[in-house]
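**Student:** For this one, chain A is given, so just place chain B on it according to the hints.
Protein chains in written order, with this note's numbering: chain A, 1 to 242; chain B, 243 to 484.
Among the hints, a few may not be true.
[Stated by the list, open to error] Simulated crosslink set (DMTMM-like; lysine to aspartate or glutamate; CA at most 20 Å straight-line): (1) K460(B) with E443(B); (2) K20(A) with D109(A); (3) K280(B) with D225(A); (4) K20(A) with D47(A); (5) K484(B) with E166(A); (6) K284(B) with D382(B); (7) K242(A) with E462(B); (8) K38(A) with E465(B); (9) K141(A) with D382(B); (10) K280(B) with E223(A); (11) K141(A) with D351(B); (12) K141(A) with D109(A); (13) K316(B) with E294(B); (14) K284(B) with D225(A); (15) K383(B) with D140(A); (16) K242(A) with D467(B); (17) K21(A) with E166(A).
If you're looking for bench data, these hints aren't it; they were derived computationally from the structure.
2 protein chains.
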Amino acid sequence: MSIQSVQNERVKQWVKLHGKKGRDESLQFLVEGEHLIKEALKVNCVDLLLIEEGINNPFDFSVVEECSINVMNKVSQNVSGAKYIAVCHYIEHHIVDATRVLLLDNVQDPGNMGTIIRTAYSFNIDGIYCSNDCVDVYNDKTIRSTQGAIFHLPVIRCDLNQICNELKGEGYQLFGTALENAIPFSEAKDFDKVALVFGNEGQGIRKDLLGLMDQNFKIEINEFDSLNVAIAAGICMYRYRK
Amino acid sequence: MSIQSVQNERVKQWVKLHGKKGRDESLQFLVEGEHLIKEALKVNCVDLLLIEEGINNPFDFSVVEECSINVMNKVSQNVSGAKYIAVCHYIEHHIVDATRVLLLDNVQDPGNMGTIIRTAYSFNIDGIYCSNDCVDVYNDKTIRSTQGAIFHLPVIRCDLNQICNELKGEGYQLFGTALENAIPFSEAKDFDKVALVFGNEGQGIRKDLLGLMDQNFKIEINEFDSLNVAIAAGICMYRYRK
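Excised from the complex, chain A in its bound form (with noise of 0.2 Å):
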């Protein structure tokens, strides 16, 4: 039988996930889209699919509902619906054997977010550090804009100013970007073990994160502008990719 009504207790149960409290709560968050779903079945963290009456189910998980069309437009994060939606539970990643990772400091964009994940993944990178008020990765903008990246790459929210100190501990080189106390980017060294700090959209890198560098660097642009931290971290890990 069907879902067919919103007020459903269970309809409500999945609507709250569209905010991080309610994801949280129940170590849950939703993924629409063909593609993304079938990057959650790969690693094993669906829970269950909801699919669109009368709909065919194309994917190899058979825990399913179905729902009424004003179910999945309810429960959809999307303008236009979804015919397919996975409840998956958060994943638990460990970043091991490591040599180059990412610390992110209070990223607040969930496209720039993504975009980051995806392109870490691109580059081999071994792992992401994020604050604790870095925006969501289970923000649905945020894991549509990893494009999948984000069930495969370990993403791990910490107080980073306690794992600078440990990576420090493991001999890896912190490497901060900043305006002032830097060398151009180019001339950045090769180091076994590199860890490359991006802080706010705004902002940037908080003072005493920065305290904790090793080095800073600023990638040579034009005097008057800034990069997109996206863009930066996409430049800053092609040149440390694995």
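**Tutor:** Structure of chain B alone, referenced to chain A:
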């Protein structure tokens, strides 16, 4: 006297500027946000400033219409409304004495388009040629993503095949980004004049246009993935910055 009614004929004209059709008809577009309006004023493309009634004019520009909050909300393209909106006229662009240009073939995402324009300006690229099917550069989201670079960097809509032939005649090296018949990007050589060509988010560069390239390159990423077009363009523009 301030404009009170959203039914006012002038208000209806301004609202038409939300769409490409309306913009192309009157050759005007809207700009919101203090920073962007200041950038527009620098290049004298503001025709008229709309200001919420009761708010002081912070700009050095006196062709102003006071409007009610309802009118401002109606004309604004942002959910949260706007205190200031500039009605601007299209900027006539010319690319002269150039040695670095970008060609964009059917780029569709306004955020990507805006970020590419912003990045090109930061790396002193001389101008951008867009295919006629690219997203409109006067789209609200594009303008915001440029952070004002749209007012300073020439962006010209044209037939890319024709431009490619012209650029070849001027001694440009035409570089396409492609997966096949491509050299690794790190092996790309220096040239006096370089044109970098980027394609659609899903399909890449059109085949007939790709046939006009002198060389294709591929940014070295893991084999399963692809880069966001703005990230790819950022990496290439950094390499060929002026």
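**Student:** A separate judgement is required for each hint: does it hold in the structure or not?
**Tutor:** Results of checking the hints against the structure:
For a cut-off of 20 Å, the pair hint linking K460(B) to E443(B) stands: about 15 Å separates their Cα positions. With a C-alpha separation of about 15 Å, the suggested pair K20(A) and D109(A) falls inside the 20 Å cut-off, and the hint holds. For the hint linking K280(B) to D225(A), the alpha-carbon distance of about 15 Å falls within 20 Å, and the restraint holds. Restraint check for K20(A) and D47(A): the C-alpha separation of about 18 Å stays at or below 20 Å, so the hint holds.
Between the alpha carbons of K484(B) and E166(A) the distance comes to roughly 39 Å, so the proposed pair goes past 20 Å and is violated. Our distance criterion of 20 Å between C-alpha atoms is met by K284(B) and D382(B), whose separation comes to about 19 Å. The hinted pair formed by K242(A) and E462(B) meets the criterion: a straight-line CA distance of about 10 Å does not exceed 20 Å. Proximity of K38(A) to E465(B) is assessed by CA-CA distance (about 18 Å); at most 20 Å being required, the pair is judged to hold.
About 19 Å separates the Cα atoms of K141(A) and D382(B), which keeps this hinted pair within 20 Å; it holds. For the hint pairing K280(B) with E223(A), the CA-to-CA distance comes to about 18 Å; that is within 20 Å, so the pair holds. Distance hint between K141(A) and D351(B) is fulfilled; the C-alpha atoms sit about 14 Å from each other, no more than 20 Å. Between K141(A) and D109(A), the direct Cα distance comes to roughly 9 Å. Compliance with the 20 Å bound is thereby established for this hinted pair.
Between K316(B) and E294(B) the alpha-carbon distance is near 12 Å, which keeps this suggested pair within the 20 Å criterion. Distance restraint check for K284(B) and D225(A): the Cα-Cα separation of roughly 15 Å lies within the 20 Å cut-off, and the hinted pair is therefore satisfied. For the suggested pair K383(B) and D140(A), the alpha carbons sit about 19 Å apart, so the restraint of at most 20 Å is met. Under the criterion of a C-alpha separation no larger than 20 Å, the hint pairing K242(A) with D467(B) is consistent with the structure, at around 14 Å.
This hinted pair does not check out: K21(A) and E166(A) have alpha carbons roughly 30 Å apart, beyond 20 Å.
Hint violations for this structure: numbers 5 and 17, all remaining hints satisfied.
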